[in-house]
Structure formats: structure tokens, C-alpha cells
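Peer 1: Model the full assembly from the supplied sequences, consistent with the hints where possible.
This note's numbering applies: residue 1 is where the sequence shown begins, and numbers increase by one.
Keep in mind that the hints were calculated from the coordinates and are not lab data.
Be aware that a few hints might be false.
Here are the simulated SDA-like pairs of lysine to any residue, each with C-alpha atoms no more than 25 Å apart in a straight line [to be verified]:
1) 92 <-> 50
2) 92 <-> 109
3) 92 <-> 121
4) 92 <-> 54
5) 92 <-> 35
6) 92 <-> 124
7) 92 <-> 49
8) 92 <-> 110
9) 92 <-> 123
10) 92 <-> 42
11) 92 <-> 102
12) 92 <-> 46
13) 92 <-> 55
14) 92 <-> 106
15) 92 <-> 105
16) 92 <-> 103
17) 92 <-> 73
18) 92 <-> 9
19) 92 <-> 79
20) 92 <-> 75
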Amino acid sequence: MLFRSWSSLNEAGAGSGCGVNSGTNALDFLGPSGERWATTIPFNTSMCTSIEFCMYMANDLSTGSSCENCDPGDDVEFQYSIDGGITWILVKTLYESWWDTGGIYEDSWSCFTIPISAVAVTNNTQFRWYQTPTQGGGL
Numbered sequence: 001m002l003f004r005s006w007s008s009l010n011e012a013g014a015g016s017g018c019g020v021n022s023g024t025n026a027l028d029f030l031g032p033s034g035e036r037w038a039t040t041i042p043f044n045t046s047m048c049t050s051i052e053f054c055m056y057m058a059n060d061l062s063t064g065s066s067c068e069n070c071d072p073g074d075d076v077e078f079q080y081s082i083d084g085g086i087t088w089i090l091v092k093t094l095y096e097s098w099w100d101t102g103g104i105y106e107d108s109w110s111c112f113t114i115p116i117s118a119v120a121v122t123n124n125t126q127f128r129w130y131q132t133p134t135q136g137g138g139l
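Peer 2: Below, the structure written as C-alpha cells:
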């Protein structure tokens, strides 16, 4: 089942899975391997200046968690599209190593406020969290 904020999920789940932080709109990347993504429904961003979200990546310190640790390179790209998902523009890469020992978000939930560029201000902007092909497991 897709919740109201998501239009497309691939090897991902929305709800109350692995360590969720915000109820039914929380995202959990799962599945054997391959491309993972979560795409929002189209939003009218004409009155918006930024998008905010929080995330946690299972890491070398999160043993005992219900989440499998990310493998090296299981980075997540935050992207936007203004053409219905045909083309995706990279906004920010969130590196899995940032959550490992000594990383800037070491084993913690981290919140991000990302400015919406002028090009992404439309009445039909979608956002996507995309994880490059993985070795399997969960985020």
C-alpha cells in the first residue's frame, strides 16, 4: 500500500518498518538488491523555499538494531523531477559513511533542510530518494 505522500516505491516500504521516526510516512529501504527508490506525488512548490526530512542509515554502530547495516557505497541521492519522473536532477548525495564511526551523523537520526532551486519551483515537482544498486539488505 502506498501512503499519500508516495507515488512510487521500489524495494522500499512506507510505514512502521525499521526504526521509523514519523509514523505512516516513514521510509524504509528493503529488498534483495538492485535499485531502490521512493518517489513523492507531484507537489506545487510555488510557495515553498525548502524541503525538510530526517533520515537514519544503519551503520557499523547499529548492531542489535532491526535494520541491516548499509554496505559501503549504499549512498542515497536526493533528486527532483519537473517532467513527471522522466528526468531526475541530483540535489544532494547522502553518503552511508556519514553514519558510521567518526562520521558527521555517527549513528543518529539527522534532519536536513534543502533549498528548492528556482528551476524546481513548479506546480508539478516530484522528489525522489534513490539508492544506487546495492548488495542487498536494508537502510
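Peer 1: Confirm or reject each hint.
Peer 2: Verification of the supplied hints:
1. 92 <-> 50: Roughly 13 Å between the alpha carbons, so the hint for residue 92 and residue 50 holds.
2. 92 <-> 109: holds (17 Å)
3. 92 <-> 121: It holds: about 17 Å lies between the C-alpha atoms, which stays within 25 Å.
4. 92 <-> 54: holds (14 Å)
5. 92 <-> 35: Roughly 17 Å between the alpha carbons, so the hint for residue 92 and residue 35 holds.
6. 92 <-> 124: This hinted pair holds, its Cα atoms lying about 20 Å apart.
7. 92 <-> 49: holds (16 Å)
8. 92 <-> 110: Distance ~14 Å between residue 92 and residue 110 Cα, so the pair holds.
9. 92 <-> 123: holds (22 Å)
10. 92 <-> 42: holds (19 Å)
11. 92 <-> 102: With Cα atoms ~21 Å apart, residue 92 and residue 102 stay inside 25 Å; holds.
12. 92 <-> 46: Holds: residue 92 and residue 46 sit about 21 Å apart, inside 25 Å.
13. 92 <-> 55: holds (13 Å)
14. 92 <-> 106: holds (19 Å)
15. 92 <-> 105: holds (16 Å)
16. 92 <-> 103: Given pair residue 92, residue 103 holds - Cα atoms ~17 Å apart, limit 25 Å.
17. 92 <-> 73: With a Cα-Cα distance of about 15 Å, the restraint between residue 92 and residue 73 holds, given a limit of 25 Å.
18. 92 <-> 9: holds (19 Å)
19. 92 <-> 79: holds (7 Å)
20. 92 <-> 75: holds (10 Å)
Of the numbered hints listed earlier, not one is contradicted by the structure.
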